[in-house]
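> Which chain is which? The protein sequence lines are A and B, in order. The numbers in our numbering rise by one with no breaks, and the one at position 5 of the first sequence is 14. The numbers in our numbering rise by one with no breaks, and the one at position 104 of the second sequence is 123.
Source of the hints: derived by calculation from the structure; they are not laboratory data. One or more hints might be untrue.
[What the hints assert, rightly or not] Distance ranges between label pairs, derived from CB positions:
1) S26(B) - T21(A): 16 to 24 Å
2) T21(A) - W41(B): 36 to 44 Å
3) I119(A) - N71(B): 42 to 50 Å
[Unchecked claim] Computed far set for chain A versus chain B, every beta-carbon distance over 12 Å:
4) Q54
5) K69
6) E72
7) K77
8) E78
[As the list claims (entries may be wrong)] Listed below are the simulated DSS-like cross-link pairs for lysine-lysine, each with C-alpha atoms no more than 30 Å apart in a straight line:
9) K61(A) - K63(B)
10) K63(B) - K102(B)
11) K65(A) - K77(A)
12) K86(A) - K63(B)
13) K102(B) - K34(B)
14) K61(A) - K86(A)
15) K102(B) - K77(A)
16) K90(B) - K30(B)
17) K63(B) - K81(B)
18) K63(B) - K97(B)
19) K63(B) - K65(A)
20) K69(A) - K63(B)
21) K81(B) - K97(B)
Glycine is no exception: its CB is placed at the ideal position from the N, C-alpha and C atoms.
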Amino acid sequence: GNSVTQMEGPVTLSEEAFLTINCTYTATGYPSLFWYVQYPGEGLQLLLKATKADDKGSNKGFEATYRKETTSFHLEKGSVQVSDSAVYFCALSATGNQFYFGTGTSLTVIP
Amino acid sequence: EAGVAQSPRYKIIEKRQSVAFWCNPISGHATLYWYQQILGQGPKLLIQFQNNGVVDDSQLPKDRFSAERLKGVDSTLKIQPAKLEDSAVYLCASSGLISYEQYFGPGTRLTVT
Chain A
10 GNSVTQMEGP VTLSEEAFLT INCTYTATGY PSLFWYVQYP GEGLQLLLKA TKADDKGSNK
70 GFEATYRKET TSFHLEKGSV QVSDSAVYFC ALSATGNQFY FGTGTSLTVI P
Chain B
20 EAGVAQSPRY KIIEKRQSVA FWCNPISGHA TLYWYQQILG QGPKLLIQFQ NNGVVDDSQL
80 PKDRFSAERL KGVDSTLKIQ PAKLEDSAVY LCASSGLISY EQYFGPGTRL TVT
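For reference, chain B alone in the conformation it holds in the complex:
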C-alpha cells in the first residue's frame, strides 16, 4: 500500500512569509497527526485529527499556525507569518484501526531565514 505522502520535501522562506504543507495519509486511516521536529529534538505533536475533527491542538501556536482536514482525508498545515524558530522538519503521520501504529511521511524540511 502507498505510504503517507507529504509535499514539498524542502522549503526555504524568509521570516514573516507564509508557507503551507500538504499531507495525504494512508488510504482509510482515520487519524492524522502533524508533528514539529526541531533539530536535535524528538517530534512534538502540533495537532491530531480524527476524520475531519480536531482531537488535540493544545500545542499548536494558534496565532500563526493553522491546519485543516476538510474531507477527512488529506490535510494542510499553514504558518503565517513564519518566524526563525519555526525552522524544523514537519512530519505528518496517520493511523488506522490499531491506533498506536502510526505511519510517518518523509517530512518537510522548513528553513526560515
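For reference, chain A alone in the conformation it holds in the complex:
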C-alpha cells in the first residue's frame, strides 16, 4: 500500500541553523511527492513538490529531492529563520490523486 513515514519531532533549532526533516515513502507505481507547511492557526499550504525521480522541488529556501533508490524526499534548508516555525508534512499522491500524509514534524526556531 501507500504510506509516508517522517521524522518525529519536535525539532528545535537556533536561527541560521541547518534543517533536515527526513521523509521516506512506500508506494505502488510512481507517486508525486510533496511537502506541506502549517503555520500556527492557519491551514496547510503547499511548500514544494516533485513529480518524478531525481526532481528537486524548491521554495522559500527549502529544497527536497525525489530519490527513488532510497524512497526518500528529505526536506532541507540551509539557514532557518524564526518565521519558519511551523509543522511540516510530507505527503504523496498516488493513482487517482489520493493523498497520503505523514504525521507531521513540528519545528521551532529560536532567536
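Start from chain A and add chain B according to the hints.
For chain B alone, coordinates are given in the frame of chain A:
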C-alpha cells in the same frame, strides 16, 4: 482569488449529538476533499469528490459520517451521532486542473465531550 472557506471554525458538542461542517472550495475547482486530522497525526482522507460524484470514500465511517456535494460546488460533512474519538480538525481542500496542488481551508476544530 478567494481561498477555501470553511465554517464553523470551532464546534463543541456532546457525544451522541449531531454536527455539520460546510466547505466552499475555490471557484472552478472540480475536486473537493474532506480530511480528518487528529491531534499529533497527519490528515487522513475521508472522502474525495470530483464535481458532485464520489471518487473515494473508503475511509469514511459510513455508519455515522455522511457527505454531499449536491451541485458540484460547496459541500457538507455530517457526523451523527458523534463519538469522543471524532474530536479532531476537519479540513476541506480543493484542487483544479493541476490536481496535485490542493488548497486547504483553515479547518473546523471539533471537540466532542
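> Hint compliance check: list the failing hint numbers for this structure, sorted ascending.
1, 4 and 15
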